[in-house]
Amino acid sequence: MKSLYVRAAKTGLLLALLVSLVTMFSDMFSSLTSAEKSNSASLRFLHRRLPETDNHHTGLSTSNDKSADARAKDGDGVRSTSQKNHARRRSSSLVGTGSLNKTGSLEQTESLDKALSFTRALLETSIENELSNVNAIRKHKAQVHGRRFSGDDKSPHPFENNKSSNSESDDDNDVSKNSTNTNNNNSINNNAKHNASKAPKTLIYHCPIEVKCGGLADRLKGCVLGYLLAYVTGRQFRILMPLPGCKLSDMLEENSISWRMTKEDDPKFLDDENKRLIYTRMNANSRFHDELTAVNYREYFGGADVVYFRTNVERFKWLFSNPHHAKDLQPFYSPHNSVIYRNILNQLFNLAPPLQAQVNAALNKGRTSDNTGRPPLLVCAQIRTGRNPSMPKDSTIRVTSLLLPKIWDFMKKEASGFSKQSAVSFFVSSDSEQILEEARKVFGKDLLQVGGRIVHVDQPLAQDDVCPGMRRVLVDMHVLTSCHVLLLTRSGVGDLAADLRGTEQGLYCLNLHTLRIEKCRP
1 MKSLYVRAAK TGLLLALLVS LVTMFSDMFS SLTSAEKSNS ASLRFLHRRL PETDNHHTGL
61 STSNDKSADA RAKDGDGVRS TSQKNHARRR SSSLVGTGSL NKTGSLEQTE SLDKALSFTR
121 ALLETSIENE LSNVNAIRKH KAQVHGRRFS GDDKSPHPFE NNKSSNSESD DDNDVSKNST
181 NTNNNNSINN NAKHNASKAP KTLIYHCPIE VKCGGLADRL KGCVLGYLLA YVTGRQFRIL
241 MPLPGCKLSD MLEENSISWR MTKEDDPKFL DDENKRLIYT RMNANSRFHD ELTAVNYREY
301 FGGADVVYFR TNVERFKWLF SNPHHAKDLQ PFYSPHNSVI YRNILNQLFN LAPPLQAQVN
361 AALNKGRTSD NTGRPPLLVC AQIRTGRNPS MPKDSTIRVT SLLLPKIWDF MKKEASGFSK
421 QSAVSFFVSS DSEQILEEAR KVFGKDLLQV GGRIVHVDQP LAQDDVCPGM RRVLVDMHVL
481 TSCHVLLLTR SGVGDLAADL RGTEQGLYCL NLHTLRIEKC RP
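Counting from 1, position 484 in the sequence shown corresponds to residue 484 in full-length UniProt numbering; the numbering is continuous, with no gaps.
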């Protein structure tokens, strides 16, 4: 834009100069017309106003001779021979004939017409060139903006930034070749590449603080499915999950996939012109099934610069069966959702060091002088009771206190099956403080414990409880991944821990229909 202003200023100065020349020639032409009826003194005045030319040069000479010294006053009537000869020479050089007379004035008029025509042609050529430059700049800017709003997204995989910038460079060079001013257009092209690289197409898993997105496990499911949609549509992936009093990045760090919001990604800093699309699909309903299995998401998201996505399901198989995207998803494919889930979560997240320290501290409590050289055997249960005094807002009751004796007996039996030379520890994760109190009574000092509040992230009693509650859930979940025996009730956190644990060996589930404990798989 700065280059455009400079060109406009130069054009204005050139126009002013040329207009002044035209005005001067017009004045001279008027003087010539009146000279036909005046005496030769008036013609001499005209000669002094006109610059010299010769028979071989059509341009305007800037030389200054000494004709002013030969100026005769109008009342004299007598001139020296040298003055007369000088006047004849000037008249001859102007019209190409001998002495200046009334017939010569007509020839002088023709010469002035030629000078005016030359000036007019010079003016038109200059204006045409400048307008051509301005139009080239406008065309380039239109093409740059057109790429931002185009539905044809030719950007490569969202994490191959170098290839993306090279592709932009090729387009810019084509524009530069069509420009009449290479240097200025190169500057504009560089600015265009910078602006285009600031806002690549993005898919954001967006969970606003005031919206019900589900618990931690549901949110992580949405993140994984969101990443897959970003991958098949060639978009960079981001997570926008504001929390009251803390940040997600304080608990989960990036691993090999970038997902943290930057200043350029934040909606507050996006241009108003950016196209946005909100794609929210909560729960596994038939509509979402039909979309995941059949929709071409590259076309569906189209030219939107930013797609805000939210879901609480992990229906990966639906997306993997989509004929538009099945080939692109081959690197992630597995017949088991748990494998897909584990691989992508491990690429997205690392547990933040402070929370990992809590996990290590809990596991180290199970070590004794007898097993310092190897990890302790750990028997665990994840008991999701549903509505209880710790979570009064929960909708259903899943496990009652009547089932607790069955769970405790199972854990003790599994522990007794290990060699007596191995120390055994127990760990219980629950959404109920009452359940944890019962576990302390049953297992005593052999129970590993993790401090922190018990809070459902989506159903806090107070906003200040959300961050401590999420930290507690993350630590619990990572301890569960280290268990040799793991018993699950119906729980998103337990299922997620089983997926991250990565094996079906030692994995059991409480069937709430038959009230039996059975082997299961993640």
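Calculated directly from the structure, the hints in this document are not laboratory data. Since the structure is predicted, the reported quantities are computational estimates derived from the model, not experimental observations. Misleading hints may appear alongside valid ones.
[Stated by the list, open to error] SDA-like, lysine to any residue: derived pairs with alpha carbons at most 20 angstroms apart:
(1) K263 / D305
(2) K412 / L447
(3) K365 / S482
(4) K413 / L402
(5) K263 / L240
(6) K413 / Q463
(7) K519 / Q505
(8) K317 / S482
(9) K412 / G386
(10) K445 / L402
Consistency of the hints with the structure:
1. K263 / D305: 16 angstroms, holds
2. K412 / L447: Distance of about 12 angstroms is within 20 angstroms: holds.
3. K365 / S482: Roughly 14 angstroms between the alpha carbons, so the hint for K365 and S482 holds.
4. K413 / L402: 19 angstroms, holds
5. K263 / L240: Status holds; Cα separation ~12 angstroms.
6. K413 / Q463: Outside the cut-off at roughly 41 angstroms; violated.
7. K519 / Q505: 9 angstroms, holds
8. K317 / S482: 27 angstroms, violated
9. K412 / G386: 24 angstroms, violated
10. K445 / L402: Given that 20 angstroms is the threshold and the Cα spacing comes to 24 angstroms, the pair is violated.
Checked against the numbered hints above, the structure violates hints 6, 8, 9, 10; every other hint is satisfied.
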